[in-house]
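Engineer: So the chains spell out like this:
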Amino acid sequence: MKLELRGITKKFGSFTANDNIDVVVEDSQVHSLLGENGAGKSTLMNVLFGLYEATSGQVLIDDRPVSFNGPGDAMAAGIGMVHQHFMLVPVFTVAENVALGDEATKAAGILDLEATRRKIREISEQFGFHVDPDAIVEDLPVGVQQRVEIIKALVRDARILILDEPTAVLTPQETDELLSIIGQLRDNGTSVVFISHKLREVKAVSDVITVIRRGRVVGKAEPEASASELASLMVGREVNLALGKEDATPGEETFRVEHLNVVAPTGQVLLDDISFGVRQGEILAVAGVQGNGQTELTQAIMGLMDQATGRVMLEGENLLGRSVKSIINSGVGFVPEDRSTDGLVSTFTVAENLVLNQYDRAPYARGLNMRPAVINRNAEDKVEEYDIRTQSGQSNAGTLSGGNQQKVVMARELSRPLKLFIASQPTRGVDVGSVEFLHRRILAERDGGTPVLIVSTELDEVAELADRIAVLYKGSLVGIVPGDTPREVLGLMMAGSSAAEAGATPLPEATDQGSGAAAANPNQEEESGNE
Amino acid sequence: MNDPVDGPGPGPVAPDSETPAGEPGSIPGGADAGNSPAQLAEASGPDPQASLMTRITTGNGMVSVLAILLSLIVGAILIAATDERVTEASSYFFARPMDLLGAVWTSVSEAYVALFRSSIFNTQADGFANAIYPLTETLTDATPLILAGLGVALAFRASLFNIGGQGQIIVGALLAGWVGFTLDLPAGIHLILAMVAGIIGGALWGGIAGVLKARRGAHEVIVTIMLNYIALYFLLYLLTTPGFQRPGSNNPISPNIDSSAAYPLIFGSGFRLHYGFVVALAAVAFVWWLLNRSTTGFELRAVGANPLAARTAGINVSKAYITAMVVAGALAGLAGTAQISGTERALSSDIAASFGFDAITVALLGRSKPMGTLFAGLLFGALRAGGVGMQSNTGIPIDIVLVVQSFIVLFIAAPPLVQAIFRINTGKKKSKTTTARTAGTGGAA
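Taken in sequence, the protein lines are chains Z and G.
Heads up: the first sequence at position 21 corresponds to 21 in our numbering, and the numbers run straight through without jumps.
Heads up: the second sequence at position 235 corresponds to 235 in our numbering, and the numbers run straight through without jumps.
Extracted from the complex, chain Z is given alone in its bound form (with noise of 0.2 Å):
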């Protein structure tokens, strides 16, 4: 099926967001549509879904204009779109979800779900998917989840497959998984239409590239292209992917975990016995999987879970078992995963959330009162050194693009003498362009002789960044491998297995500063390496 976005415009008031765009899915082809988020990809899909009314501009299928008033028409035309959040309902089984909306029925209303696994099994089994029609969706991987969801469109007859964003939760084998996946559906006929900012896997998968940026198609490329050429179309100037650092220089070890333990109050393991160790000048990488402990671990050492136990030293005093306030207080920056969630108030201006965690110190404040001129003039010094784009520093937080929100979450964070760092997915859901800004402020402060504990699912991020790699996997700390440990080694052991299983050097912990603590408690990467 070819389909074809004429002249598409999608006007939000005086704003633009897709301006006369003009794309071609071919029958059978992989249509990469490669933009920094906030571009309009997702605007314009959702135009093609029938989500939003274009405010002028065509879309045809083989050839013939069709408009759509809703999801339910562009899924009858033949269209199914997989949302970077999945529309599953976590308490039904597969074959449920895959009904919900479209249910056969027997006589007197009575559902007829016996159909549906069936067609769950054949598509199943057509593109070994590993599918069970009767499990229950929660219990499921995120990377069957979304196969589920490719399922549910597939069900339904779609011949055009917009994924968006569909690689943002998946492991780099899952991610592997889905694009021989998205393979296999083009060899049989389906167009897929692939939204993306992560030129890997554009390049992997892709017959052709659009690029968008700022509501305009500005180039189409091969999937031949360069990674630094697609970039600079992306983000619209050249880009310096390689970061090209320095090797660290580490200093003495002052910030160690020792035997940290998260147990939920149902009982189960969050964290299982986590120690490791981060020297000043150095920057450790946390690596693994979404939803393997990586968040109740920097919650734990902010004092922000209840529930955990052992210790966490910066310089010899224990943090654990401090109020939040007192750990910032004593030098702790940290960047929460979610900055929408955990590190901005988006309905505060861009100046307050500048002095969020510091509004009620000198120079912000003077005992009760604050000091809006003061902190006003921290803003407009922030938004300059951090090149943060918005209109001005009393623009609400909400109203920036993700880059720039975390910008600011970035340099409320550095702006003050740090005793240890911790930053949480520093740049998911950040331009390209931003990426590489807030990469080298990282560096920065690693330079400047501060311990840096990143955590990130990203594996580009961690192989960019780490001096050393730290892998979570079900609340265990794996092991501790090099910074320049291969992407298979570390896919291997993000799924589980060990250093020296996944073909890993392990690194002794606690090299040269030899703290007794470690030496006392065998760790397990330890064990991992006497196997």
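Among these hints, one or two may not hold up.
[Said to hold, decoys possible] The calculated DMTMM-like cross-link candidates involving lysine to aspartate or glutamate, where the alpha carbons are at most 25 Å apart (straight line), are: (1) Z/LYS325 / Z/ASP306; (2) G/LYS319 / Z/ASP306; (3) G/LYS319 / Z/ASP360; (4) Z/LYS203 / Z/GLU488; (5) Z/LYS325 / Z/ASP360; (6) Z/LYS245 / Z/ASP447.
[Stated by the list, open to error] Here are some chain Z residues the structure puts well away from chain G; computed CB gaps all over 10 Å: (7) SER67; (8) ARG118; (9) PHE129; (10) THR266; (11) GLN290; (12) ASN329; (13) PRO363; (14) GLU436; (15) PRO486.
Rather than coming from a laboratory, the hints here were simulated on the basis of the structure.
Heads up, the beta-carbon is just placed ideally off N, CA and C, and yes, glycines get one too.
Start from chain Z and add chain G according to the hints.
Structural biologist: Frame of chain Z, contents of chain G only:
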């Protein structure tokens, strides 16, 4: 695996000639691509910060004005519909249709003119003092509304729904009244002590809800509603006990407070307006400072807007909840003091009237902002004072005023309704409603 074998029509590896790559600034508002509605839409989908309550309590001031306007129109329809002359004229509508319109005009204009004359300026009165008497009545009625409204508004800003204004007013009035009629102190000191007692009473009653919320997670709506009943029945009980009941009376009413504990009258004995109104104005200024200029207010607002981010930034969320409810209660307690030391001078079961509940409307209408609450309080004071005059002058029941007040709340609680009626449609709002549609239909997809 993904070699582009059969991909028909691969494009050139060069920027598309039709859309030159080098002019990003040519898109309106393109300086920050981040303001893209798509981005906003993405953010507002599962965003816990954009809750319904936030939108209702801190929305656009324009909606407030339009809500008042719409409610007055609804009021006019009701006035016309219940007027006998209109009913009569409608019976021969087809013979003389203009009669009906004339009757409608007469009844509605008479009612609203009477409302105006009884609340702002009596054009028919002889002498300036009599002419502005209605205005002083409005200010008198507005005093407890403003104070209690501030309490509700402050709690709103910390995302607490303080339904307990009524109970806090009662307990504040109870303590202030007790100080007023039991203690014998010099003027000035006596009044100040009564005010302090009112503040403490209200703060205590509000604080209970705050502590239960912060320490035990009890929902403040349920707790404050129940505390309202406790306060009311406690008052009724006390009014039958010797310490509180007026000697020689069988009615549930306390002795009058000493004049030393009463607010002095501003314009002398001909008017009811007392210095409690000045206290209310001072409270507006104080709450403005607290919310916008103090570290405490910063904490309250941060906790109200996003408790998770506030907690991550080291703000003590429990403490903020308690502080908000204590201060909110203290303001309602001052409203109680205004009643006992200002207008009523004696405790009775009706000491709080319905000020505690009207305060919720006032705070909603004022968009939880101190100045907004002031104006909303004045408006409701005017409706209250004017409604009485309207009833006595035109025979239209004061209940019409209550209906108008209720409709104001209704329209404020449903901003899309007001927007639809007046066809307000900015790009931002449109994208929001569209997002709602996305969420609705996307789930079914």
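Engineer: Decide, hint by hint, whether the structure agrees.
Structural biologist: Evaluation of the provided hints:
1. Z/LYS325 / Z/ASP306: This hinted pair holds, its Cα atoms lying about 14 Å apart.
2. G/LYS319 / Z/ASP306: holds, 17 Å
3. G/LYS319 / Z/ASP360: holds, 15 Å
4. Z/LYS203 / Z/GLU488: holds, 18 Å
5. Z/LYS325 / Z/ASP360: holds, 11 Å
6. Z/LYS245 / Z/ASP447: holds, 10 Å
7. SER67: holds, 16 Å
8. ARG118: Correct as stated: the minimum Cβ-Cβ distance to chain G is 22 Å, above 10 Å.
9. PHE129: Holds: least Cβ distance 17 Å, greater than 10 Å.
10. THR266: It holds; Z/THR266 is separated from chain G by about 17 Å at its closest Cβ, greater than 10 Å.
11. GLN290: holds, 16 Å
12. ASN329: The assertion about Z/ASN329 is violated, with a minimum of 7 Å to chain G.
13. PRO363: holds, 13 Å
14. GLU436: Per Cβ check, Z/GLU436 is outside 10 Å of chain G; nearest 17 Å; holds.
15. PRO486: holds, 20 Å
Of the hints listed earlier, the one the structure fails to meet is number 12.
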